Amino acid sequence: MAGSCQGFGGSGLSRLFTPRDIWISSNDTLYVLDGGNYRVQLFNVNQIQGITIISGSYGSSNVSQFIFMDAFTIDFNGNIYIIDSANSRITKWSPRSSNPIIVAGRNRSSPSINQIYSAVGFFLQPQTLFLWISDTGNCRILK
Numbered sequence: 000m001a002g003s004c005q006g007f008g009g010s011g012l013s014r015l016f017t018p019r020d021i022w023i024s025s026n027d028t029l030y031v032l033d034g035g036n037y038r039v040q041l042f043n044v045n046q047i048q049g050i051t052i053i054s055g056s057y058g059s060s061n062v063s064q065f066i067f068m069d070a071f072t073i074d075f076n077g078n079i080y081i082i083d084s085a086n087s088r089i090t091k092w093s094p095r096s097s098n099p100i101i102v103a104g105r106n107r108s109s110p111s112i113n114q115i116y117s118a119v120g121f122f123l124q125p126q127t128l129f130l131w132i133s134d135t136g137n138c139r140i141l142k
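Mapped onto numbering that gives the first Met the number 0, the consecutive letters of the sequence shown carry residue numbers 0 to 142.
Everything labelled a hint here was simulated from the structure, so no lab data went into it. Among the hints, a few may not be true.
To be verified - Simulated DEER-style distance windows between Cβ atoms:
hint, residue 1, residue 2, range
1, Asp-27, Gln-126, 22 to 30 Å
2, Ser-24, Ile-140, 21 to 29 Å
3, Asn-45, Pro-110, 22 to 30 Å
4, Val-102, Cys-138, 18 to 26 Å
5, Thr-28, Gly-8, 18 to 26 Å
6, Lys-142, Ile-23, 23 to 31 Å
7, Ser-93, Phe-129, 30 to 38 Å
Said to hold, decoys possible - Calculated lysine to any residue pairs in the SDA-like style (CA-CA distance at most 25 Å, straight line):
hint, residue 1, residue 2
8, Lys-142, Asn-76
9, Lys-142, Tyr-80
10, Lys-91, Leu-141
11, Lys-142, Ser-117
12, Lys-142, Gly-120
13, Lys-91, Phe-129
14, Lys-91, Gln-126
15, Lys-91, Trp-131
16, Lys-142, Trp-131
17, Lys-91, Asn-45
All of these numbers come straight from a predicted model, not from anything done at the bench. Just so you know, even glycine gets a beta-carbon here, dropped at the ideal spot from N, CA and C.
Model the full structure from these sequences, guided by the hints.
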């Protein structure tokens, strides 16, 4: 289990605040998208204290800032992709890097083909690393 067994949120390493998504590795390591704390926590097997592997903040002026951390996935190289519907972008975080890059969207909503609007879901094809994006606000699916 990760977080409080009493149902209390928080920002300590053993607490979560608005967990939005999870991912389990092949060795049962648990990754948690901790949306209320703008971070990704890693929980090793049988550990209740997490390790912060991505630490962001609230906002939109910097690529490491989030408004809504909606979902995430991890590719076979360990890169983490996070979708932020309010910032209309998907960021890619390389392992042990605090400098993400934007791989889809551009921090503003638009119907143009290189923008997304309120996208909340995506799928990363494992072999090709193509992103399939549920571009909710633009009523379309993008690849």
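So, going through the hints one by one against the coordinates:
1. Distance hint check: the CB atoms of Asp-27 and Gln-126 are about 23 Å apart, consistent with the given range 22 to 30 Å.
2. Checked against the hint of 21 to 29 Å, the pair Ser-24 and Ile-140 passes, with Cβ atoms roughly 27 Å apart.
3. For Asn-45 and Pro-110, the hinted distance range of 22 to 30 Å is not satisfied, since their beta carbons lie about 48 Å from each other.
4. Distance hint for Val-102 and Cys-138: a CB-CB separation of about 21 Å, consistent with the stated range 18 to 26 Å.
5. Checking the proposed 18 to 26 Å range against Thr-28 and Gly-8 shows it holds: the Cβ atoms sit about 22 Å from each other.
6. For the pair Lys-142 and Ile-23, the beta carbons lie near 26 Å from each other, so the given range of 23 to 31 Å is met.
7. Checked against the hint of 30 to 38 Å, the C-beta distance between Ser-93 and Phe-129 comes to roughly 18 Å, which is inconsistent with it.
8. Pair hint Lys-142 plus Asn-76 holds up; C-alpha atoms about 20 Å apart against a cutoff of 25 Å.
9. Our distance criterion of 25 Å between C-alpha atoms is met by Lys-142 and Tyr-80, whose separation comes to about 15 Å.
10. Distance check on the hinted pair: Lys-91 and Leu-141 sit about 17 Å apart at the alpha-carbon level, within 25 Å; holds.
11. Restraint check for Lys-142 and Ser-117: satisfied, since their Cα atoms lie roughly 16 Å apart, inside the 25 Å limit.
12. Proposed proximity of Lys-142 and Gly-120 is supported: the alpha carbons are some 12 Å apart, at most 25 Å.
13. Between Lys-91 and Phe-129 the alpha-carbon distance is near 13 Å, which keeps this suggested pair within the 25 Å criterion.
14. With a CA separation close to 17 Å, the supplied pair Lys-91 and Gln-126 stays within the 25 Å bound.
15. With a C-alpha separation of about 14 Å, the suggested pair Lys-91 and Trp-131 falls inside the 25 Å cut-off, and the hint holds.
16. Of the supplied pair hints, the one linking Lys-142 and Trp-131 holds, its CA atoms being roughly 5 Å apart against a limit of 25 Å.
17. Restraint check: the Cα-Cα separation between Lys-91 and Asn-45 comes to about 28 Å, which exceeds 25 Å; the hinted pair is violated.
Hint violations for this structure: numbers 3, 7, 17, all remaining hints satisfied.
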